[in-house]
Amino acid sequence: MEKFKKRSKKGYVPGAPIYVGDTKAQKTKITVTDYNKDSIEIHEFTNPEDCRPFKSSATNTWVNISGLLDIDSVAKIGEIFGLHPLIVEDILDTEHRPKLDIFDDYLFITFKLYSYNKETRALTEEQLSLVLGENHVVTFQEKGSDLFSSIHKRLENPQSNMRKFGADYLVHALLDITVDSYFEVLEKIGDVVEDIESRIINKPSVDTLKEIHEVKREMIRLRKSIWPLREIISGLHRRISPLIQEQTLVYLKDIYDHTIQVMDTVETYRDILSGMLDLYMSTMSNKMNDVMKILTIFATIFIPLTFITGLYGMNFNPKISPFNMPELGWYFGYPFALAIMAAVAIGMLILFKRKKWF
Amino acid sequence: MEKFKKRSKKGYVPGAPIYVGDTKAQKTKITVTDYNKDSIEIHEFTNPEDCRPFKSSATNTWVNISGLLDIDSVAKIGEIFGLHPLIVEDILDTEHRPKLDIFDDYLFITFKLYSYNKETRALTEEQLSLVLGENHVVTFQEKGSDLFSSIHKRLENPQSNMRKFGADYLVHALLDITVDSYFEVLEKIGDVVEDIESRIINKPSVDTLKEIHEVKREMIRLRKSIWPLREIISGLHRRISPLIQEQTLVYLKDIYDHTIQVMDTVETYRDILSGMLDLYMSTMSNKMNDVMKILTIFATIFIPLTFITGLYGMNFNPKISPFNMPELGWYFGYPFALAIMAAVAIGMLILFKRKKWF
Amino acid sequence: MEKFKKRSKKGYVPGAPIYVGDTKAQKTKITVTDYNKDSIEIHEFTNPEDCRPFKSSATNTWVNISGLLDIDSVAKIGEIFGLHPLIVEDILDTEHRPKLDIFDDYLFITFKLYSYNKETRALTEEQLSLVLGENHVVTFQEKGSDLFSSIHKRLENPQSNMRKFGADYLVHALLDITVDSYFEVLEKIGDVVEDIESRIINKPSVDTLKEIHEVKREMIRLRKSIWPLREIISGLHRRISPLIQEQTLVYLKDIYDHTIQVMDTVETYRDILSGMLDLYMSTMSNKMNDVMKILTIFATIFIPLTFITGLYGMNFNPKISPFNMPELGWYFGYPFALAIMAAVAIGMLILFKRKKWF
Amino acid sequence: MEKFKKRSKKGYVPGAPIYVGDTKAQKTKITVTDYNKDSIEIHEFTNPEDCRPFKSSATNTWVNISGLLDIDSVAKIGEIFGLHPLIVEDILDTEHRPKLDIFDDYLFITFKLYSYNKETRALTEEQLSLVLGENHVVTFQEKGSDLFSSIHKRLENPQSNMRKFGADYLVHALLDITVDSYFEVLEKIGDVVEDIESRIINKPSVDTLKEIHEVKREMIRLRKSIWPLREIISGLHRRISPLIQEQTLVYLKDIYDHTIQVMDTVETYRDILSGMLDLYMSTMSNKMNDVMKILTIFATIFIPLTFITGLYGMNFNPKISPFNMPELGWYFGYPFALAIMAAVAIGMLILFKRKKWF
Amino acid sequence: MEKFKKRSKKGYVPGAPIYVGDTKAQKTKITVTDYNKDSIEIHEFTNPEDCRPFKSSATNTWVNISGLLDIDSVAKIGEIFGLHPLIVEDILDTEHRPKLDIFDDYLFITFKLYSYNKETRALTEEQLSLVLGENHVVTFQEKGSDLFSSIHKRLENPQSNMRKFGADYLVHALLDITVDSYFEVLEKIGDVVEDIESRIINKPSVDTLKEIHEVKREMIRLRKSIWPLREIISGLHRRISPLIQEQTLVYLKDIYDHTIQVMDTVETYRDILSGMLDLYMSTMSNKMNDVMKILTIFATIFIPLTFITGLYGMNFNPKISPFNMPELGWYFGYPFALAIMAAVAIGMLILFKRKKWF
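Chains as they are written, first to last, in the working numbering: chain A, 1 to 358; chain B, 1 to 358; chain C, 1 to 358; chain D, 1 to 358; chain E, 1 to 358.
Hints were generated in silico from the structure; no laboratory data involved.
All of these numbers come straight from a predicted model, not from anything done at the bench.
Treat the hints with caution; some may be incorrect.
Identical copies carry no separate label here, and so any pair may be met within one copy or between two of them.
[Unchecked claim] List of simulated lysine-lysine pairs, DSSO-like, C-alpha gap at most 27 Å: (1) K37 / K203; (2) K164 / K76; (3) K76 / K253; (4) K188 / K356; (5) K210 / K355; (6) K188 / K27; (7) K253 / K29; (8) K319 / K356; (9) K153 / K27; (10) K353 / K293; (11) K287 / K355; (12) K27 / K210; (13) K356 / K293; (14) K353 / K210; (15) K210 / K356; (16) K153 / K164.
Can you make the complete structure from the sequences, with help from the hints?
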């Protein structure tokens, strides 16, 4: 097995297969589903060569390669299904931007699937590449997650559209699952956003700020994937490659609408998060100001009182002259001083209250 | 009745009817209004099958389904009027983005109606879906609010345009009511905005901030609905489907102008709210600063006074040497100390006043 | 006379004339100016019917309706000049967005005129609607301000282009006056902006902030009117309706250039106002910080001094032991304490000065 | 000579020549340069009539009018070269937005030249208008600055392209000088920007803020001129009026590239200035915070010390009971009190240091 | 050798070769690589004239000029390969904006290469200009860095596409290396961004702010180069000049996708950096506020304590009257005063804790 080279290595030869994904990804597994209106067969292979006969069969064939670690197998599959070397390179480049390439005899689509863990707040990304040829679909899953089981179930139902329509409908079904997974992710993130919002109002903390920042970054990530996905689906719907049949277009229009809705939701969340940041900043600043104001008012009230105590703490001798702090010699001198202090404190409190300072 | 599935459930089969709205919505009610220039008949049905004869009648027919809880009935209506399963799915998906779908024999439009309660500041949303076919209109109301009574009144007037024009004019009337409801909502929100603004200037508080934040979010929500509505009406006006008659176009242009005006108003409110946020922040900050400044100046004036009292509170013994606080032995020592304090305080007040610090 | 209904009343019949403007506006007055190269006649009517003969006269006719209170008269004029009911509705809707509607036999334009009072800083708006038909122009002024006297003067001059050119040139002249009034308004607002700016630098106050906020809002209002006006004039210049003659196009291009310049100025003012807001905030914050810093430094210098006075105010008895505040017994004890205080104060002043804290 | 009317005067007749520029501008001077491949002649005239014979000469003619005070002469020149009255008006309106007007027999271009004085930081603007006709170019300089001497030098060189190419190449040369002057201005402003930036880092002050604000405003001004200039040059390059020869296009493309680069630089400076504003605000705020923090820490350390001095300044009589401040009677009472104070002060310093508060 | 003139010198003659780059750049070196399917020859020349025979050879020729100091040689090369004088000028103008010029018999492309030093955080720029003619490519390297060695290696491999395809594939290879160098730069900057981010959370300082500011400026610089590069590659891919062969288009589409990805990354970094700036500001402000709050609370607790010590420091004589500070005469007077102080302090601590002030 070749050594993995970094995508950014200068001077690599374009079209040479280089895998840049996570090396701990699952072992490569090949599943071939061969079906038509009447029958369905599922095979699991380890040798890519076993797929070759299915390429030109009259039935619809779905070849799923899950796990891209074994780049020789991927290259072999590419060779069997007649893919351009640059396409094989793109399949292995799991950081690739979602895109649609149209060739004379096949379409190539690559895009991202997301899942979101609400506990860890981790947004996991998986690249899915897909080739639609005459009567066959080849899919390349980066991590081989258990995503396609629902499609298998629908394929097993002989009444399903999947069986009646061609390979292009299978592509539609895969894209549909993908867009639905975006809805799922956004729903979970929406819960997180609501949770953050309620905490901003009830007990804002610095961590809230970091959370807002993190969700914002996830929105940037999602947005980067959804924009090109929208273009891909729009492209499929518009540029009728003969591989896309007329009857599938209405279904593609439907996913297109959903993609727009995903986009809208992402943009709305971004707007809401920006608003929340403002709200957080103001709430924190208001809270801080309130604390400071009350403390300052408290301190301010004691300032003249302490001055008075200082005054009567001076050592001028009342015996020398009647002008020297005569209060010290009064019978009610101390109560008088206390009364003045109380009057000053109460007066200030009333004044501050009237000015609505607290 | 089927169990409701969440919209984001992965692997649902596209085109299967799933209702995602509020389950407490009203019971489904079917109202059929059959009219032409000369006569008008209104029927209330519970069985969708009763609508079937009206589909191909020569008169104009308006079928209104209010309340989408009974998804079997909705599916049945869909089947009777020949709707694509994806359309029935969209009708039941009450979170759907407003859109226009053009089919050979019918148009499908879905959009949102809003109402605003100024007391509770609640913006309520209701989805309205609408199918325009040859000589008939089918409307699906999510909550069955009493919105269409004015249209019924106009229909009962034999001189009204409604009676003279075709089914497409009815669609125009429905869209017109919708856009007018936006004006109503914006007018009420405008009052709220003005109210908030006057409070910012007179007595800003943290609640004002939350209110601005809430109105901003409602603007985001409205905007999300109005943008696609504008596209829908522009689409109706432009792409002359044979179902839209020439004479209706000028009326559609009129609603289009109103939609633009609604958009403009929403954008203006957003601009104004942003400006208000700035104004609020500055006003609060200025107020806080004023309080702090006055308190600080107050404290600052007492600092040297307290220092002086401390000075004459020191226990240096004037008896030991003539240099040890001779003032304590003066005849006018205490008045002298008080005079110095008064001079310092007044001097500082004058200084601060000159520097325009208060 | 009908009762006025609010624009946002749900369920009003489209095309029914409803006046939404200020009810205290002037009484409706009809002025008919009939002119050609050789002669000019001016009539004042109160009965709209009197205008009818002028519609199909070979001479150019300008019918000006000033004051829209009497909606029956407006509706009558609309009927005489063959206007669509929706157009009559738009004429009376004085809150309408500026727009251009093109019909087979006439053009309809509605837009806003502004005037600005520098003393009260009030931006006054007046709607002007305008119909250009074959050989006639009908104008509807909301408030009947004395705007058109200069046009009348030019019309009375037989050498003027107004007399030589057709009715479309009159439309150009009206639009030209309008755009010029924008220049006038912007010039006045420009003076206000400069005045605010000089005050920000010299003596910023909270009122300055409110003024910036107000001028910003006026810019939002102006912008909302000028954008569609630009589209209108661009439309007139581009889509050569046969009602616009070839020779007028160069004049329309000229107004178009002016509109762009108005737009540019509005955008520039917005940019400048945003910059001023930043400048204001920073200036205020700097000022506040300077005050606080000086006060804090002042307080800080007294802190150790007051501590020293406290120290020598303690009641430890020097008689008990030679370690108990021996300074109190020194001959130069008091001057020594004063010297220490002076040294501390001067030392701190030097330190703060060196650190450039004031 | 006519009285100057303000541009914004309502009701002026379009096409009437009104000069709105600086009235102290230089006297009008007419320079006629007549040249072809073989010869060159330069004339200075004061009477516009003297230019008339050059209009239809077979040689290339460049008529330069410098100083627009004498509007009669400008109007006369306009008449001689067959300019539309609106064009003459635009030439005299020195506040006009840059634009290109295409007529059948001539092109009209108006734009701004800038120069920047690094000492006074003054950005000076001069309007240049230009008419390209068959074999002649007429230029109108607002202030008659010594801008064109380099062009004269190149014209005097018989080997120069200027002599070999037609009048359109002269227009190119004038535009080229203009765009180069923008580079020069931006280079100088770039120096100012760098100077401001280095001062923000080394010793920020309120003046720095005002300087940033001023340079930002100059960027807004430049931008307002360069955007339309870009459109003009793009227009010249695209819409091949027969007055622009094929061989000149590559030169126009070259200036177009330079204009884009000027635009880029202006936008980059705006971005950089915004970043600098943020940096300034943060630096100032950090500096202020540092000062306040140190002062506050200093004050905080003295607070418990002063409390202790207050404690032992209380007048409880140790003679009454052994519980009444027995420390006052201790042999080492005073050193003990001092030791406690020192311990508190050092303890707090260590604590604050550990918390990394200074 | 001519003296270098500044690019912004007014009045320079367009098309005259002026070098504006760094004068310390390497000596000009000419490398000619002549190859076809079967053979490859590499020559190093110093005299530009030696290249002339290769221009019209049937084999593919790559002429690389590295170092642009010797402008005579560059001009000579320009003359040999028939370049327009403006193109030679653009080659020498190393500050030129990236662009693509299409001529009948050659294409001219100029763009920037970047390298980034993570230690010094220096972003180094080098201009590369490139001429694609019939069977030959001429490249002009500003600084002659060792960039092309990997291309030479691939050329030496007779199995490589480089040898099989034409000169246009060589252009593709050069652009591919360039875009890869952007990836490398962005990867390094990405490390820096992550490093800054982790420091913001752990120990933010004023330097962090300056670093964010610097990386932001580098993003502005990169963006300025990548936008036009995207246009160039899009142009090559779209406008099929006959010099670009059909088979190269798929490779150009591939680089185009990479350029979009670079753009996306730059924009994402800009968004992230803006978010980081907000985070930094809030973190700093929170930290500062926390310090201030704790210090203020600490000071506030001592204020009433110090007041009490002041109180009992007053010199009212208990002997004169029983109302004069009787506590001074109590047996447990001092412990009583201490107890009150402790109670006040503890009470305040509890209160502040309950209000969650610390």
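Query - Unmet hints by their number, sorted upward, for this structure - result: Checked against the structure, the hints that fail are numbers 1, 4, 6, 7, 8 and 12, while the rest are satisfied.
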